[in-house]
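Novice: Next come the chains, spelled out residue by residue.
There are 8 protein chains.
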Amino acid sequence: MSVGQAIEKLRLLPFEDLGFARVDHHRQLRKGFPEVIYCPGKTNEQIIKIFESLAAKGNNVLATRAEPYVFEALANTKKFRNARYEKSARAIVLEQKKLPPSKTILPIVTAGTADLPVATEAKVTAEIMGQRAELICDVGVAGLHRLFPHLPRLQKANIIIVVAGMEGALASVIGGLVSCPVIAVPTSVGYGSSFEGLSALLTMLNSCASGVTVVNIDNGFSAAVTATLINRKIEEGS
Amino acid sequence: MSVGQAIEKLRLLPFEDLGFARVDHHRQLRKGFPEVIYCPGKTNEQIIKIFESLAAKGNNVLATRAEPYVFEALANTKKFRNARYEKSARAIVLEQKKLPPSKTILPIVTAGTADLPVATEAKVTAEIMGQRAELICDVGVAGLHRLFPHLPRLQKANIIIVVAGMEGALASVIGGLVSCPVIAVPTSVGYGSSFEGLSALLTMLNSCASGVTVVNIDNGFSAAVTATLINRKIEEGS
Amino acid sequence: MSVGQAIEKLRLLPFEDLGFARVDHHRQLRKGFPEVIYCPGKTNEQIIKIFESLAAKGNNVLATRAEPYVFEALANTKKFRNARYEKSARAIVLEQKKLPPSKTILPIVTAGTADLPVATEAKVTAEIMGQRAELICDVGVAGLHRLFPHLPRLQKANIIIVVAGMEGALASVIGGLVSCPVIAVPTSVGYGSSFEGLSALLTMLNSCASGVTVVNIDNGFSAAVTATLINRKIEEGS
Amino acid sequence: MSVGQAIEKLRLLPFEDLGFARVDHHRQLRKGFPEVIYCPGKTNEQIIKIFESLAAKGNNVLATRAEPYVFEALANTKKFRNARYEKSARAIVLEQKKLPPSKTILPIVTAGTADLPVATEAKVTAEIMGQRAELICDVGVAGLHRLFPHLPRLQKANIIIVVAGMEGALASVIGGLVSCPVIAVPTSVGYGSSFEGLSALLTMLNSCASGVTVVNIDNGFSAAVTATLINRKIEEGS
Amino acid sequence: MSVGQAIEKLRLLPFEDLGFARVDHHRQLRKGFPEVIYCPGKTNEQIIKIFESLAAKGNNVLATRAEPYVFEALANTKKFRNARYEKSARAIVLEQKKLPPSKTILPIVTAGTADLPVATEAKVTAEIMGQRAELICDVGVAGLHRLFPHLPRLQKANIIIVVAGMEGALASVIGGLVSCPVIAVPTSVGYGSSFEGLSALLTMLNSCASGVTVVNIDNGFSAAVTATLINRKIEEGS
Amino acid sequence: MSVGQAIEKLRLLPFEDLGFARVDHHRQLRKGFPEVIYCPGKTNEQIIKIFESLAAKGNNVLATRAEPYVFEALANTKKFRNARYEKSARAIVLEQKKLPPSKTILPIVTAGTADLPVATEAKVTAEIMGQRAELICDVGVAGLHRLFPHLPRLQKANIIIVVAGMEGALASVIGGLVSCPVIAVPTSVGYGSSFEGLSALLTMLNSCASGVTVVNIDNGFSAAVTATLINRKIEEGS
Amino acid sequence: MSVGQAIEKLRLLPFEDLGFARVDHHRQLRKGFPEVIYCPGKTNEQIIKIFESLAAKGNNVLATRAEPYVFEALANTKKFRNARYEKSARAIVLEQKKLPPSKTILPIVTAGTADLPVATEAKVTAEIMGQRAELICDVGVAGLHRLFPHLPRLQKANIIIVVAGMEGALASVIGGLVSCPVIAVPTSVGYGSSFEGLSALLTMLNSCASGVTVVNIDNGFSAAVTATLINRKIEEGS
Amino acid sequence: MSVGQAIEKLRLLPFEDLGFARVDHHRQLRKGFPEVIYCPGKTNEQIIKIFESLAAKGNNVLATRAEPYVFEALANTKKFRNARYEKSARAIVLEQKKLPPSKTILPIVTAGTADLPVATEAKVTAEIMGQRAELICDVGVAGLHRLFPHLPRLQKANIIIVVAGMEGALASVIGGLVSCPVIAVPTSVGYGSSFEGLSALLTMLNSCASGVTVVNIDNGFSAAVTATLINRKIEEGS
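Order-wise, the sequence lines are chains A, B, C, D, E, F, G and H.
Going by the working numbering, the first residue of the first sequence is number 1, and it counts up by one from there.
Going by the working numbering, the first residue of the second sequence is number 1, and it counts up by one from there.
Going by the working numbering, the first residue of the third sequence is number 1, and it counts up by one from there.
Going by the working numbering, the first residue of the fourth sequence is number 1, and it counts up by one from there.
Going by the working numbering, the first residue of the fifth sequence is number 1, and it counts up by one from there.
Going by the working numbering, the first residue of the sixth sequence is number 1, and it counts up by one from there.
Going by the working numbering, the first residue of the seventh sequence is number 1, and it counts up by one from there.
Going by the working numbering, the first residue of the eighth sequence is number 1, and it counts up by one from there.
Because the hints were derived from the structure by calculation, they are not lab data.
Heads up, a few of these hints could be off.
[Stated by the list, open to error] Calculated cross-link-like contacts (lysine-lysine; reagent style DSS-like; alpha-carbon spacing at most 25 Å):
1. LYS103/G to LYS79/G
2. LYS49/H to LYS87/G
3. LYS97/C to LYS78/C
4. LYS57/D to LYS87/B
5. LYS49/H to LYS49/B
6. LYS49/F to LYS87/A
7. LYS103/B to LYS103/A
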């Protein structure tokens with residue numbers, strides 16, 4: 001592929017201009033991604049119009065950080081009968097095309113119960129992209145014995161997502177126990193000097209364990225997308 | 001593998017106790033990693049003793065963030081004739097076992113010339129682990145036309161390392177142009193409100209592009225290890 | 001003009017003392033500005049009194065960051081029939097004197113849909129000062145192909161306003177693609193390590209592109225005023 | 001100009017690949033800019049090679065943040081007889097083509113004597129681009145009477161650069177006294193809670209005066225480039 | 001007075017133990033202060049009990065940061081007929097002993113209308129301590145001409161309180177125009193990079209003007225107490 | 001005890017897997033601790049299930065940071081007749097086994113009345129673990145005479161908990177007056193530059209007094225657990 | 001005095017323009033201040049020229065933050081025989097006019113020995129303005145018994161300067177023991193979480209004691225100027 | 001003991017006034033502490049004078065954070081033949097009275113070799129106070145198998161000091177594996193987003209493990225003093 005072709009390819013990628021938003025329709029084709037709407041800061045009207053535009057192509061659609069009233073407004077349109085609301089993940093899911101399941105399990109590990117909303121956002125995202133995601137909850141470093149029973153499962157994975165707030169040390173500990181990469185998701189769980197997730201974020205960035213990379217605080221979505229990208233490539237081979 | 005076996009396996013991993021350090025000798029076996037010494041905060045005497053302990057096993061050894069005087073002290077021992085000093089990367093490399101080269105190229109992209117030390121740390125690390133790493137320098141977002149000629153190469157990679165200081169926006173831009181994961185390395189290059197790399201770090205953590213994960217500021221080493229882990233798994237298949 | 005004259009000119013500038021506020025009446029004369037009220041921290045009573053004082057001179061009046069209940073209170077006075085509420089911009093606009101339209105277009109570009117409230121504040125402000133402002137929405141750096149169709153328009157502008165939250169990289173990218181100055185407005189759009197706009201602010205301040213200057217987080221108003229000042233001077237010539 | 005043409009224009013912009021750097025040669029053509037090298041983080045060898053590459057085109061060359069030993073190394077090559085070192089500005093200047101002087105004066109105002117290095121960086125940069133820049137020094141807000149004699153000159157300018165550390169209030173004060181835009185440069189001058197320029201930066205970003213925009217701490221270069229861009233356009237007319 | 005006497009004097013200062021609070025009754029005697037209750041974090045029950053304990057001694061009582069419902073609860077007890085609620089200052093005032101008025105005026109200057117709540121807290125506090133406080137509102141540095149008419153009054157004061165949010169530059173400007181000390185009160189007025197008053201706080205701490213000292217963000221109370229302490233001593237002479 | 005035994009002991013510690021949480025049942029046995037639920041981020045359903053699981057073993061149960069509606073939901077199950085709600089501490093307490101009281105008093109000292117919720121969390125926690133905790137309230141450093149009467153009691157303690165917000169200086173002062181260790185709890189009490197407890201936290205970490213250690217902001221629970229651990233060991237002897 | 005007169009008075013204040021600096025010559029007249037040079041960021045040549053300009057008027061001159069090599073350069077000019085270097089304070093003092101001594105003592109209290117440089121800067125500054133300043137050293141809050149012997153002296157002062165780093169609690173403690181105002185100077189003494197004086201600064205700003213105001217970190221000079229202003233006014237009476 | 005007696009006891013504590021310092025001589029008597037000098041910010045002359053004053057009483061003396069040149073200056077006085085310099089700990093030790101050894105071992109655990117200086121400061125401090133301290137080095141969480149062999153020793157201790165930089169997670173992990181209290185010492189070891197120890201500090205403050213308290217960054221001294229205080233009380237019994 002020449003340089004001109006590479007740029008031309010970019011220039012011609014299809015998208016739809018809704019005025020307030022430019023909706024990509026090539027993402028699904030190129031990557032097997034769902035179409036995704038990040039809801040905060042958008043009005044219900046905007047979300048619904050983008051949702052319509054995306055759903056019309058027959059693809060899977062995912063709306064993240066959707067408050068219940070957003071889903072309600074969407075449901076009231078009666079246009080998306082198969083859309084469901086994942087309460088813990090605060091996600092709206094419209095699965096129009098079932099993807100073939102991954103060969104391997106994608107473990108999503110949380111330090112505490114309060115990290116569940118972020119972990120389920122990751123799970124919902126990974127699943128709509130075909131990953132067989134499994135939650136392992138509440139195995140934080142202050143009680144390592146709770147983590148030990150899961151070691152065999154973790155050591156078999158191609159990639160692991162670790163979700164933790166407060167001191168955020170779980171990513172380092174797991175990173176040291178496995179030989180695959182770990183995607184660390186700091187959460188805003190905690191109080192006082194957790195500073196809305198800053199503590200966990202810094203801990204994870206400073207991890208001494210090999211293979212740990214980090215995403216934004218509470219960004220279960222991004223962790224799942226990256227993990228899926230990697231796992232797919234591994235399962236496909238290069 | 002049972003839980004008991006998993007734990008027992010951990011417990012029996014070999015290491016050597018030098019008093020001031022516990023040197024792992026299983027890392028090479030398990031992961032094909034070099035043995036690694038992070039130099040800051042260690043005395044020359046400590047670094048040399050760890051180096052000896054590691055080299056004695058016949059493995060590759062890598063000492064990162066090594067000031068020139070550290071290499072000089074090591075060279076003066078006359079014990080490691082094949083050790084070389086990589087000046088830009090500030091790394092000491094002793095390659096005793098050549099690893100087979102990766103099938104694919106690992107691109108390491110920098111925004112500016114001043115990001116080179118971090119990028120070469122990543123390159124040296126990746127190479128000693130068998131990766132065919134290639135630098136693409138000085139293609140920051142303020143002059144996108146400099147990036148375009150490299151698009152075809154980037155779009156063929158399994159994974160890309162992006163190294164950028166100042167505004168750190170290159171990771172997002174590349175993340176949006178390719179379909180593989182991107183490991184973003186913020187650097188402390190900049191002044192004033194770059195706050196020693198904080199600006200680039202935050203930019204990268206807040207990236208809207210799919211598949212971008214982040215490591216610590218200036219941590220070329222960790223980016224290379226993770227990229228290698230992922231690329232190996234992809235080349236091996238699951 | 002002598003020093004004494006310059007100072008005397010300052011001293012004699014007219015304003016009206018409402019006790020809790022000192023209302024400038026020369027701004028319109030000197031600069032062709034609307035009279036402006038920044039609403040937060042003011043009571044409805046205070047806002048209405050200032051509004052009355054300003055409107056009485058027959059000038060255009062703009063109230064920024066006005067919650068809907070402020071406009072309601074103002075409307076209930078039935079004194080300003082022509083005042084309208086711009087919902088997305090959270091602005092109250094009373095246009096009593098139509099200014100001649102600018103010769104050139106002032107592009108206001110946003111990275112995402114959620115940046116619209118700040119961008120529309122800029123648009124409303126620029127328009128009441130006579131600028132022909134145009135919104136280009138949702139062209140963030142994670143999908144550069146969405147930006148490309150607008151390049152011709154951007155390259156013709158005298159000055160461009162770029163509004164972006166999260167990683168805020170759009171200002172640098174556009175700054176590198178055009179030869180005119182860019183005024184960058186970081187927004188508080190984002191979560192986690194966006195730290196209420198700090199991430200975008202730092203990105204923009206550290207921009208490597210020539211001609212980029214920055215205003216306060218979410219300050220669409222100030223960006224529009226400065227852009228108008230500059231564009232007017234360009235259109236008038238020196 | 002069509003979209004395809006706009007992109008093609010970008011793609012074909014000339015630059016020279018030195019391996020560690022990609023040197024733009026179109027900047028001079030497009031903008032009448034000097035070629036610029038930002039020195040920190042580059043080795044002497046790299047700086048000299050870039051300097052050679054740039055000078056070979058016959059353009060003006062500017063190297064910023066150059067320590068004296070950098071100039072010494074450059075001088076030792078004996079290749080650039082006309083290059084001079086501006087000590088206060090820490091800049092190396094090679095003026096091969098004299099630009100026509102601007103019609104108007106560009107005032108560069110400092111709050112204190114210690115802000116001079118940043119102000120002179122701005123002055124040197126503006127002058128090599130043809131601006132008739134004039135320094136007005138040491139007129140900080142704690143002694144407004146020192147500022148008053150300069151009011152007539154300031155009120156005649158098309159644009160003003162204000163350089164201030166510590167409390168950084170001078171930009172707001174001048175912004176309120178003139179009707180042209182002000183580019184504010186916070187400096188790292190100060191101690192304690194000035195936090196290396198953070199205090200002045202925040203002050204300037206929060207300015208209530210109309211028309212004030214801000215660049216990075218100590219970034220005299222960027223302020224000068226933007227001011228020149230604006231002033232040229234004003235002098236040319238739209 | 002010997003050391004033993006000084007300590008004994010401390011030890012025997014009277015206070016009343018309410019269990020959840022220890023109420024000083026000597027403050028009034030020693031300093032002519034009102035008894036003061038800082039309301040946040042205290043329950044209505046606690047506030048009322050402390051108020052009763054204080055009022056029983058016949059002294060003036062001041063409750064700061066009191067939400068309207070606190071005053072309502074207090075009023076419902078029907079025990080303090082003369083207590084009044086100062087809405088803008090959010091203060092409850094019970095004046096049982098009128099203090100003789102100060103000889104001089106204590107000016108309290110604000111940069112904007114939104115600084116009024118903090119300024120009125122200062123005013124209410126100063127007045128209950130006998131000061132003849134006067135507000136000068138909305139004379140921020142972006143329009144110095146609004147400040148000039150007040151110069152004669154300011155230059156006659158023994159001490160001045162300056163209340164400002166956003167860029168907080170007013171304290172420096174006034175400090176440079178008068179020869180008396182200035183107590184600067186940063187306010188949390190602003191948005192974005194004002195960071196809840198941090199910007200104004202840093203500006204004031206870095207003031208180059210002589211005689212400026214600073215209190216906590218929004219702490220009108222403390223500024224008034226200190227100003228009163230100083231003015232009393234001046235009026236009494238040493 | 002051999003290494004193998006130590007690890008085996010860890011591996012076999014009993015816990016119960018509720019899916020969203022892993023409930024420890026050995027804590028009580030090993031340490032005489034109550035079973036503890038940290039409520040924030042957990043749904044009522046989750047809290048009730050964990051509570052049931054813990055209570056079923058006959059142990060004491062403590063739920064911290066429980067909003068009143070959590071207790072209401074728990075009470076509505078009618079399963080825990082003896083559970084009580086400690087309003088100030090925001091704790092739910094189910095005491096099923098009374099522990100023998102400590103020989104010595106554990107003083108919990110607060111700087112102000114607003115620190116009471118954190119102090120009572122510490123008191124409730126210490127008491128359910130058998131400590132004879134006593135509150136000493138409102139003895140902040142701005143009125144040392146209020147502290148003096150308590151010196152004899154403080155000097156007899158084995159360990160002291162000091163709870164303070166705002167400037168947080170009380171821990172240092174008490175640390176200098178006693179010879180036992182002090183556990184300092186910074187609170188988020190304050191405003192402005194207290195930055196939600198950061199000021200008190202930094203003060204306490206920088207204490208010059210011997211024997212002062214610090215826990216997270218508002219973490220009365222952790223202070224009480226540590227104090228109890230230490231006091232028990234002292235009372236038991238080594 | 002009319003407004004016009006007040007402004008005219010400002011406008012006509014004498015100063016001398018050295019190009020790089022504008023030297024005030026009215027300060028001495030108006031306030032009995034020494035002429036002051038803040039040295040950092042100025043070259044030796046600049047400092048000497050300003051010094052000459054100031055000394056030529058026969059006034060007292062004070063150069064603060066002067067490194068020894070600055071004094072050496074000044075001494076080498078042989079023009080200022082009576083100038084002396086105060087090593088601990090890093091100040092150059094030229095006393096050409098002896099001011100009459102204050103009636104009262106100005107106590108300058110330090111928490112530790114390492115705070116001495118800042119305290120002696122305050123002492124030197126106060127003394128050249130005629131204050132009878134006295135140091136009370138090393139009486140930090142971790143050993144209150146060291147403070148007690150000084151209570152009688154402190155309780156007699158008109159105003160007190162308190163200099164403290166680390167936890168900075170001394171200002172609050174003294175503020176609670178005296179009835180006069182306290183000027184608190186945080187110092188950068190400390191390490192780790194003292195964050196170069198931030199900890200002490202926040203402590204002092206959050207002081208609960210009445211009458212405490214704060215200056216910039218390490219700003220002994222400003223504290224002394226303000227204290228002198230206040231004490232003079234008290235001694236003169238209003 | 002009455003209140004009066006308690007205060008009198010404080011007032012009469014002996015100290016020696018050296019002018020620049022007040023030297024306590026009762027600490028040794030009351031607590032079995034060494035006399036301690038914190039060196040930074042003190043001149044050699046001051047340190048030597050304090051050292052003399054302390055040594056003259058026949059007590060043990062400890063000077064912390066002493067650079068080699070400080071010891072050299074002290075040694076040159078030839079007055080303290082038995083003083084020795086602990087290089088790694090940067091401490092000067094003069095042991096004139098040997099304390100009886102503790103019954104139990106005090107483990108001091110480090111995450112990495114670079115944490116040794118802080119850990120040895122703790123060790124030297126604990127030993128001069130009679131503790132039998134033992135270092136366990138380089139057992140960070142990224143390789144838990146290195147920690148396991150030490151579990152039996154850790155589980156027997158009365159109290160443990162954990163020293164860790166970078167992610168600082170070791171304190172939480174050990175806190176969860178033992179039933180005794182843990183004193184966590186964050187270190188400034190690390191780079192980039194470790195922000196000079198801030199990352200480790202926040203991690204430790206947010207620890208979920210019971211019984212973990214924290215001291216200032218790099219404060220091995222304070223950790224050792226507190227651990228000794230606690231261990232002595234345990235060994236003595238209450």
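Novice: Please write out, lowest number first, the hints stated earlier that are contradicted by the structure.
Specialist: Violated: hints 1, 4, 5.
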